[in-house]
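> Residues per chain are reported as follows:
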Amino acid sequence: MADTVAERKTDIGPPHYEKFLPPVVKANYGKWKYHEIVQPGVLVHVAESGDKLYTVRAGTPRLLSIQTIRELCDLADTYSDGYLRFTSRHNIEFLLTDPDKVGPLIIELTTRGFPVGGTANAISSMVHTQGWIHCHSAATDASGIVKSVMDELIGHFQTMELPAKLRLALACCLNMCGAVHCSDIAILGIHRRPPKVDQEKLSKICEIPTVVASCPTAAIRPKRINGKETVEVIEEQCMFCGNCYTVCPAMPLSNALNDGVSIWVGGKVSNARHAPMFSKLAIPYLPNNPPRWPEVVAAVKNIVEVWAKDARKYERMGEWIERIGWPRFFQKTGIPFTKQHIDDFRHAGLTYQRSVHIKS
Amino acid sequence: MADTVAERKTDIGPPHYEKFLPPVVKANYGKWKYHEIVQPGVLVHVAESGDKLYTVRAGTPRLLSIQTIRELCDLADTYSDGYLRFTSRHNIEFLLTDPDKVGPLIIELTTRGFPVGGTANAISSMVHTQGWIHCHSAATDASGIVKSVMDELIGHFQTMELPAKLRLALACCLNMCGAVHCSDIAILGIHRRPPKVDQEKLSKICEIPTVVASCPTAAIRPKRINGKETVEVIEEQCMFCGNCYTVCPAMPLSNALNDGVSIWVGGKVSNARHAPMFSKLAIPYLPNNPPRWPEVVAAVKNIVEVWAKDARKYERMGEWIERIGWPRFFQKTGIPFTKQHIDDFRHAGLTYQRSVHIKS
Amino acid sequence: MGDENKPSQTPKLDELEKGPWPSFVREIKRAATKSPMARDLLGVLELSYEEKVGHWKHGGIVGVRGYGGGVIGRYSDVPEKFPNVAHFHTLRVNQPAGWFYRTEALRAICDLWERHGSGLTNLHGSTGDIILLGTRTEELESTFADLTKAGFDLGGSGSDVRTPSCCVGPARCEWACYDTLNFTYDITMHFQDELHRPAFPYKFKFKASGCPNDCVAAIARADLSIIGTWRDEIQIDQAALKEYTENGIDIQADVCERCPSQCMSWNGKELRIADEWCVKCMHCINAMPKALRPGQERGAVILIGSKAPIVQGAMLSSVLVPFMKMEPPYTELKELVGKILDLWSEEGKSRERVGEFIQRVGLGNFLEAIGLEPKPEMVAHPRENPYVFYEEYFEEEPEAASETEG
Amino acid sequence: MGDENKPSQTPKLDELEKGPWPSFVREIKRAATKSPMARDLLGVLELSYEEKVGHWKHGGIVGVRGYGGGVIGRYSDVPEKFPNVAHFHTLRVNQPAGWFYRTEALRAICDLWERHGSGLTNLHGSTGDIILLGTRTEELESTFADLTKAGFDLGGSGSDVRTPSCCVGPARCEWACYDTLNFTYDITMHFQDELHRPAFPYKFKFKASGCPNDCVAAIARADLSIIGTWRDEIQIDQAALKEYTENGIDIQADVCERCPSQCMSWNGKELRIADEWCVKCMHCINAMPKALRPGQERGAVILIGSKAPIVQGAMLSSVLVPFMKMEPPYTELKELVGKILDLWSEEGKSRERVGEFIQRVGLGNFLEAIGLEPKPEMVAHPRENPYVFYEEYFEEEPEAASETEG
Ligand code: SRM
Ligand code: SRM
Ligand code: SRM
Ligand code: SRM
Ligand code: SF4
Ligand code: SF4
Ligand code: SF4
Ligand code: SF4
Ligand code: SF4
Ligand code: SF4
Ligand code: SF4
Ligand code: SF4
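Chains as they are written, first to last, in the working numbering: chain A, -2 to 357; chain B, -2 to 357; chain C, 41 to 446; chain D, 41 to 446.
It is possible that part of the hints are untrue.
[Stated by the list, open to error] Below are the EDC-like pairs computed for lysine to aspartate or glutamate, each with C-alpha atoms no more than 16 Å apart in a straight line:
#  : chain 1 : residue 1 : chain 2 : residue 2
1  : C       : K330      : A       : E45
2  : A       : K336      : D       : D277
3  : B       : K6        : D       : E431
4  : B       : K193      : C       : E435
5  : B       : K30       : D       : E417
6  : D       : K189      : B       : E45
7  : C       : K189      : A       : D97
8  : D       : K309      : D       : E283
9  : A       : K6        : C       : E297
10 : C       : K330      : A       : D148
11 : B       : K356      : C       : D186
12 : D       : K330      : B       : E4
13 : D       : K58       : B       : E4
14 : A       : K356      : D       : D277
15 : A       : K310      : C       : E178
16 : B       : K336      : C       : E297
17 : B       : K310      : D       : D294
18 : A       : K336      : D       : E431
19 : D       : K282      : D       : E316
20 : C       : K58       : A       : D8
21 : B       : K6        : D       : D233
22 : A       : K329      : D       : D294
23 : B       : K329      : C       : D186
[To be verified] Only part of the chain C face toward chain D is listed, based on derived beta-carbon distances under 8 Å:
#  : residue
24 : T177
25 : P349
26 : A354
27 : P368
28 : P369
[Unchecked claim] Partial chain D-side listing against chain C, Cβ under 8 Å, derived:
#  : residue
29 : G59
30 : N307
31 : G353
Keep in mind that the hints were calculated from the coordinates and are not lab data.
Glycine included, each C-beta is placed from N, C-alpha and C at the ideal position.
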């Protein structure tokens, strides 16, 4: 506690995790032997001691009201001795020792609208970001698309019949909060017009050198306009990344007509089998069409289905594409291959096909 | 013939190849069926017609006197009806139809000092460049090292017992004439000190903007010295590439004490099995030690031997290293891994180990 | 719209209450029964859905006294229409390691957030924090007081150490190669000052996964990624294998053939692993958790530098220490991180993540500066380009040539 | 040293006459028996071996009338000591396609080079030319006259089309998927003007290999790499396979398991290839040339852009046309190359190879400018970074929104 001014507590850090561990976890901490997936959404972990821990996993919208949190707490009090946890993909997990409570809890969750699932070879909850709920930088909404996509794909959350795990993610702008750049399928909000410079405001609130340096394509040049230091944007060089806006609010990019969504595929994070990979561009642009973004939902569903049908057991999206080759990915999904798919940024040359190993 | 001034012939182009094809080749052109390698240095190609063409391949120093060329012509006249060819690696090939002449030709070639071999899983002649024989830019000699290395490794030219082909190449400066950047083992002449600017000469014979632009690391800045436009080199930024010298002779790099040789491994060109690969740095620096460069010869020999012992059938150097991993390449060869091995140029980040797949 | 008695008309958002997946609109509406802020959020969001643009702007820095991070300031650009969200700041609250809770603790947070804010949260934010979504500037200090009373503290934001997070690890996972929760708590406490008082060129994130499955995506989104591994033999229970074959696993096809280093062999009865070739990818263990387990000599790979694409393209973390034992008090790691933070703070440019810094100065130079030996495990392969910077050279004294520092 | 009666003392070089590999020193000495130039070359080289530095400099441009390329000017920096190599220019003579010769032709070259130069050559230069190594400026024009009389012409140097070269192809190789010799001769004649009169931003090299084995290393060192391939099924002679198994080839281990696309299966009797997965790597064919042959629908992959490392790092050529039929008069290819040369000549910077040009302007833009459709075969994978340049967007007329060119 570095600061103790007037009894005001600071730097206490988070609560110690031990306080929140269920007794069975404390007793078998670090001594788990194996696990089984009993049914979609239900894991059992067996300890060396023979103790068993049942986990029931359910989807949530991540954006939760305190009313709903209390409701979930009530469930935990009833079924899991007041213990619960959340996963790295924002699912809720109830930790039970009594197998007889698993069934009733599932019924209760399902009835209240929390689907149970997300385990093993399933689609788990989508990692996503703020969107129009809270962020100034968003080129699209986050929660609305996630809801629309998951409404469509919930069957794959509740079953485990996919070839492998499928990780979906969404980020509402190129800052890419969340790990969308390494997802099996990523939805990414994009701007498509250069920022509009508010000259008046800019010269007051932004530092010119910072603004100039922020641009990955050197599209921003300092300029003196009406005696004021400001900047200009060379439109042909701008790639709409929004980084200037992040450092300088006087350069907004939002554009109702042209903002939208791009789709990326084939990333992964785990080291299982294949090393981690970045996601690659599949669809450069789909329009913002709230409230249900039907084009985006259809596009994602199509990719999921083609993969689900064609991939081998254990083959993540990226591993599948690596096996069949990109030409066939585009053929099979019916997605047109365009100029935009071809990298033209820093390491572009390394993404060209530099052999005659071709699978057309 | 675009130009006919005063009967002076220009733009006639090379002689038509057909004039130089032996009759058996003309007759079976494009109709070869298969080949066999009869013994090291001897191929037989069998045509659909049943015709057979025997090729006897021999090493040469590439640098040939007219006397020697005439000597080789004499042999061709005697054994192969006056036809011969050279390979893309500067070997000479005699094209025979009479199998009985193969043996005598081999004896004759061997006696005259031209080793027969270089076929199949062998070390073929080294692709190399001019060196101190003719180039102004050389950081080392070419022919001298090639001779020294081949004297040591000639056994692998004359037999075919390696796991796969082994392509050796040498370039005497970073311009890398020849395909040394994609060789199983490449020897590369290097400078290690910044160019010395001859201010007087520079302002007269070089264009400053070209000189400045020539530098890959932006180490060259225009400068006015004694009223003359010239340049200065920021020494800490110079990577001794010599490109400035190539565009401007007033910036020589040669430095007797510090010039030398670096060794690169694991490149390949063919698409067989693995796609083409660049060679990677194995040894950052070995001294110039004429006339026989013992350090270089020993280093190359060591790498060849470790590979020959450890690689599987068909495994080119780069394929072998990919299988065993770089940590073991350095362990097995006993070459120290240093700071210099770590890329710090344009795409450096992509060469880092970006997974936990580690073979120590 | 900000009027308490007249609920906002949200035909577009209402569409998103339909369908089987739990609805965030329902959440906002639920909060709106008590919170005017939530009610106005609904209104402003409906407006965004109509106009297809967001209505937030970020303005001056807001926060709590003595802290430079933990609060994200947001203001509406239509405050006239939606006065209750004129300010709508977010608090990032440092989650307990592994996201375990007792219900009391969550209820305490709900209660204080009912008093001070919109009643809306994210469980959790992408970095791992509990996100308290939306309140006014004047509520920040009192919210913070109630938070600390409840035993919670703020997380990171801005150019500081960001809230570290970790996978469930030894608490529930048989594969944890080190204690991710303990480590995360320890490092969070160790860096309290750096977490609350931004003093770096840019943000610095820690993420800790117990094994190469990397269930917190550490390799993709942490400046320092600590991923568990082992270096001896995979533990095999040959008897348990049988069970799997009986339950429909084709060990040859599903396991051996999918092994990236092709180091397994199965003769129908016995599984052999040539562990010296194993790259510790986890696949075989994942496929047959009852029969296979990570080895016993455990620790972690320390990787550095991942981040999202701004400005020069996304980066994955890369190996800095191929194997480190991970035992409290984690002295080796803390010392290493200390050196890294010092160097980067000193020489990093503003808004330059540590991964970008390393690429700018060169990994070799970076290693030298923090006192680590270069190792081939750090690279996928040595350099392909000949632009080597030779720092050592011979002096021009032909009589007594000697190697010197340049 | 230039003295005809007193042979130069070359103790260091003499060392290189020893050993089993044919000696270049012997060659120089052999030429030196007749040529004072060769004699002085020996001297200047011995000096280099003593001092460990070269003694050449390049100076003004030298050449033959009407040509801008084909001669490399070199001057000694110690002309006082070695007056016979004060000038020591090289002529690059365009080799016949496939490096086939009749002895008459070679003898003719020897004779003229005895008259005009050092008597030293390279057979051949790395680009493929016959290199006539070392003569004086005043000899150039007469050498050229004698060359053309003998039916030879100069090759390229400087910023022109460089001497194209090709593998032995159909002349002796059963795998040639197109006629590399014919193509090379044809293209060489077609580009005579561009070859002799440098007018490009930089050099432009063609290399033609008959199959993916790429025996002229086209993919590594040609601005345009033409590599033969096929697109139907590999031709299998099952009977011939037997012979190989009897002669010690383990088809499963040596062939099937080394296939990069794992598309072969062998049951001990019959070999099956799932050709739709085959990447045409050649390995299986290489291993068993009697039993396997490339398919019958043949052509070439056209690749663009390889080069040595100066300035931005070495490049490999990359796919421009995944499959092109290759039949005389090669109209499709010539038209394509014409467009490429026009565009690059127009917009390339000085000393910018076409591969560098493409990377600077972007492959997508380049394709657009030369009128080729983008195809996924051109990339190893689509972009990973989100920095997409969207050229099409909607105009801000809400009533009548329509897609327009930006
Ligand atoms: C609970 C959670 C950790 C946490 O602390 O919260 C977790 C828990 C488990 N993971 Fe995970 N993983 C969790 C996020 C991840 C992530 C991160 C992510 O998705 O953002 C990854 C990396 C994904 C990627 O590569 O993009 C991840 C990659 C894996 C893998 C590797 C799968 C693969 O083949 O690539 C396994 C192994 C397996 O499932 O066979 C695994 C296996 C497991 C096991 C079986 C470990 C165990 O023995 O308990 C746990 C149950 C898995 C299941 O859901 O079927 N876990 N797992 C996370 C649950 C997220 C969710 O709610 O869905
Ligand atoms: C004569 C020559 C072509 C020419 O027009 O001059 C040639 C001729 C043949 N090559 Fe080649 N290759 C020739 C240079 C090359 C090159 C280029 C180079 O080395 O710079 C390569 C690419 C090397 C690389 O990848 O770095 C090359 C990669 C191959 C391969 C692929 C080997 C591999 O596994 O990677 C084969 C297939 C094989 O040998 O099994 C092959 C096969 C052949 C065959 C068997 C083709 C045939 O059916 O006739 C010929 C005899 C091979 C032998 O020497 O064993 N040729 N071959 C060249 C002889 C060079 C020499 O004197 O040694
Ligand atoms: C809240 C959250 C998204 C969410 O809904 O979960 C978020 C929200 C913002 N992020 Fe983020 N980031 C969040 C996790 C991430 C992650 C994922 C992670 O930490 O694991 C990333 C990618 C990993 C990384 O750090 O690179 C991420 C990469 C960014 C970036 C790009 C940074 C870069 O170097 O490339 C920015 C831009 C910036 O720093 O100016 C950014 C900036 C922002 C700002 C602060 C935008 C701004 O300039 O004001 C967003 C505030 C939104 C808001 O209105 O509250 N956020 N941001 C996440 C933090 C919650 C938490 O504390 O738990
Ligand atoms: C003679 C030859 C080497 C040899 O001994 O075989 C050669 C010699 C020279 N090359 Fe080369 N290059 C020769 C083939 C190559 C090759 C290989 C090839 O063509 O297949 C390359 C690599 C492929 C490529 O083009 O990138 C090559 C890449 C270079 C470069 C680097 C170009 C680049 O863009 O990176 C330079 C530098 C330059 O252009 O200024 C260069 C420059 C030179 C110069 C002209 C140096 C100069 O600036 O004066 C050398 C003249 C040496 C001399 O004294 O004669 N030479 N040069 C080769 C030409 C012989 C022939 O015509 O057959
Ligand atoms: S991805 Fe962009 S818009 Fe979305 S929360 Fe992050 S910074 Fe905001
Ligand atoms: S949006 Fe990105 S590319 Fe465009 S001007 Fe701003 S920083 Fe530059
Ligand atoms: S590699 Fe360099 S020194 Fe050697 S011939 Fe080529 S340009 Fe000259
Ligand atoms: S040698 Fe290369 S790096 Fe050094 S100054 Fe010259 S061009 Fe620049
Ligand atoms: S990262 Fe490994 S240890 Fe941690 S939860 Fe995932 S599987 Fe278990
Ligand atoms: S952990 Fe991965 S690499 Fe190691 S044996 Fe298992 S599958 Fe193979
Ligand atoms: S490239 Fe192919 S066709 Fe040409 S010689 Fe080599 S193996 Fe034969
Ligand atoms: S050519 Fe190569 S890819 Fe095709 S079947 Fe043969 S080995 Fe496999």
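> Quick one: which hint numbers does this structure break? Sort them smallest to largest.
As far as the earlier hints go, 2, 3, 5, 6, 7, 9, 10, 11, 12, 13, 14, 15, 16, 19, 20, 22, 23, 24, 27, 28, 29 and 30 are violated by this structure, in ascending order.
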